[in-house]
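K.L.:
My request is simple: use the sequences and hints to build the entire structure.
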Amino acid sequence: MIAIYVCAGIAVYAALRVIFQRNTMRKLPFLNVVSFAVTGIIALLLPHPITIAAAAAYFVGSTLESNAIASTWAGGMKKDE
Amino acid sequence: MNEFVLVACTILVLIGTAAAMLERDPFNKLISLSIMISGIFPFIIDRGFLDVAIATALIAPLSTIFILMVCRRMPA
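Read top to bottom, the protein sequences are chains L and R. Position 40 of the first sequence, counting from 1, maps to 25 under the working numbering, and the rest follow consecutively. To convert, count from 1 in the second sequence and add 271; that's the working numbering.
Bear in mind the hints are in silico, worked out from the structure with no lab data behind them. Check before you lean on any hint, since a few could be wrong.
[Stated by the list, open to error] Here are some of the chain R residues that sit facing chain L, going by a computed Cβ distance under 8 Å:
hint : residue
1    : Leu283
2    : Thr288
3    : Phe298
4    : Leu301
5    : Ile316
6    : Asp317
7    : Arg343
[Stated by the list, open to error] Restraint ranges, calculated between C-beta atoms of paired labels, are given here:
hint : chain 1 : residue 1 : chain 2 : residue 2 : range
8    : R       : Phe314    : L       : Leu49     : 14 to 24 Å
9    : R       : Met272    : L       : Ala38     : 18 to 28 Å
10   : R       : Leu285    : L       : Ile37     : 25 to 35 Å
11   : R       : Leu277    : L       : Thr48     : 21 to 31 Å
12   : R       : Val323    : L       : Gln6      : 26 to 36 Å
13   : L       : Arg11     : R       : Thr288    : 29 to 39 Å
14   : R       : Met340    : L       : Met(-14)  : 18 to 28 Å
15   : R       : Glu274    : L       : His33     : 14 to 24 Å
16   : L       : Pro34     : R       : Val341    : 31 to 41 Å
Where a beta carbon is used, it is the ideal one built from N, C-alpha and C, also for glycine.
P.N.:
Have a look at this one:
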């Protein structure tokens, strides 16, 4: 029972760090921390076998999202030639 | 869901919404929207709608990627 409390505390702390950080590049690692903590909450919340599939889907989706934001902010793919 | 986790997820939704309203930069707005969507997932899971949660987890990043195509930074 203590594990889900730790995950919730980490999620709120990382979200506050994201909000009060002014540099966009420094926001993105804490966005990943929020995603990991929410994945932990989802996996621990409901004792059902499909819950782990939902947690895995959320993990993949949120990591893809934050990496897409980081890649676009850094300039995207360079057009050579 | 007990009270501590409920309050934590509510805080995530509220500060994500407030930051999405107050930010000026489009990338910071997208980051705040991502925090808001993170906050609603434990509420969907808590009711037992696991298929809805899986579909939402796969569709929400696609919408973010479509918005990112619009707000790409211009080369300096």
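K.L.:
Tell me, in ascending order, the numbers of any earlier hints that this structure violates.
P.N.:
2, 13 and 14
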